[in-house]
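Chemist: This is what each chain is made of:
Number of protein chains: 2
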Amino acid sequence: MNMMLLRESDFIAPERIRISGRRTKHIREILKTETGCSVKVGKINGLIGEAVIESDDNNQIELTVNLHSDPPIPLPITLILAMPRPIAFKRMLPAIVSFGIKELHLFSARKVEKSYWSSSVFDELDELVGLGLEQARDTIWPNITLHKRFRPFVEDEVPTILAGKVALVAHPGSGLTCPAGLAEPSAICIGPEGGLTDFELEILLRQGFQAVGLGERILRTEVAVPAIIGRLIHATTKN
Amino acid sequence: MNMMLLRESDFIAPERIRISGRRTKHIREILKTETGCSVKVGKINGLIGEAVIESDDNNQIELTVNLHSDPPIPLPITLILAMPRPIAFKRMLPAIVSFGIKELHLFSARKVEKSYWSSSVFDELDELVGLGLEQARDTIWPNITLHKRFRPFVEDEVPTILAGKVALVAHPGSGLTCPAGLAEPSAICIGPEGGLTDFELEILLRQGFQAVGLGERILRTEVAVPAIIGRLIHATTKN
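Sequences listed follow chains A and B, in order. What the first sequence shows, in the numbering used here, is residues 406 to 644, in sequence order. What the second sequence shows, in the numbering used here, is residues 406 to 644, in sequence order.
Derived from the structure by calculation, the hints contain no laboratory data. Watch out, some of these pointers could steer you wrong.
Stated by the list, open to error - Incomplete in silico selection of chain A near chain B, CB under 7 Å:
id, residue
1, N407
2, L410
3, P477
4, A616
5, A632
Backbone N, C-alpha and C fix where the C-beta goes; we use that ideal spot for every residue, glycine too.
Construct all of the structure, not just a fragment, from the sequences and the given hints.
Modeler: Here it is as structure tokens:
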């Protein structure tokens, strides 16, 4: 982790925290930071700063916290993703979060196995999101919404999601190449491994999505997601 | 796999092949294709086409092959990558190949552990490359070169590699945003997890690389690689 994420419950005083578990292990074994040294921290949905280690006993570490900087600006990209196979999703979610995506919609499609929705991966969402935020030195928690029925989602909810955005659906072999470095807010829909059915694509196109590709090669979803997000990113710095 | 890759040794006559092992299993269990049906095939470094299943006994399948189309055009992007942790590299290599990258240089850096170079992953290169080609319906085998000493590589070999190319080195927090949709051939250098040292970056800049980023967030190498390749891709279709 490039930053330690702090929860409200870590605070024992306005500028003092007490932590235990995974994070103390990380400070001791990976950062090898000692008493008096500082580590980068950020409070969930709050500011970023440093924390100085005041004491370290076997069970817990206490730190003085100084939070002073805004987190990075959210990426203006909404990701509408067919629910991936849970084992792949477990790797994908921290990556998606680390890009700075704050709106993630997971939807069902013909080639999304029903069993995915009852996967234990949903019990790990907090941990996976935390990994992504810590990687990116970000604090803003993303919204993740599950849509288990394709048509009601696309016909009733998607119009609101798309309002004011460039709407793209990734479709391998599409004649149009995915735009790059988009300044406008965008919504990108990426189907399941094996693709959207013609019928699903048609319903999406009817909602205003434009089909775009990345050349004639077919990429795995797990590869297409970072490839397309990396492509869409517009230069944004807070300076 | 979206295409079955054929080796010279599969051919028992000019237009007839006999296969066994993983590929027969795939035809039977995943594609569920039967005698008389056809599957997409491509010959390593050769043409793409279809093969019709003529016979299927327990041990092997015989097919008649009709190869007629060119593989996709290679991506004009050379990837110069600090050797990743082998377990990550195993996932990354098929992804890199599936983009259509044909020149991959793996190099050593301060934060590349020496043990990576003696990993058993190098015994699996053929299989991993094959997975990437089959995913992308490509047949052109990429060149993968290992460079175990940073400075001799960068000072003696990199100048030749960079000739005629836009040379970029990924550096998180770099003021300049990575270009997108590059029509010119390019070479992109991506450092190890934890980053290049200042000294390494300086030597690369001296060779003509320009440092570029993707915003202020720090991405894992495994995420940065597809993000940057996806960003650099220029619209190329063979039509």
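Chemist: Run every hint past the structure and note whether it holds.
Modeler: Here is how each hint holds up against the structure:
| no. | hint | result |
| --- | --- | --- |
| 1 | N407 | holds, 5 Å |
| 2 | L410 | violated, 14 Å |
| 3 | P477 | holds, 5 Å |
| 4 | A616 | violated, 14 Å |
| 5 | A632 | holds, 3 Å |
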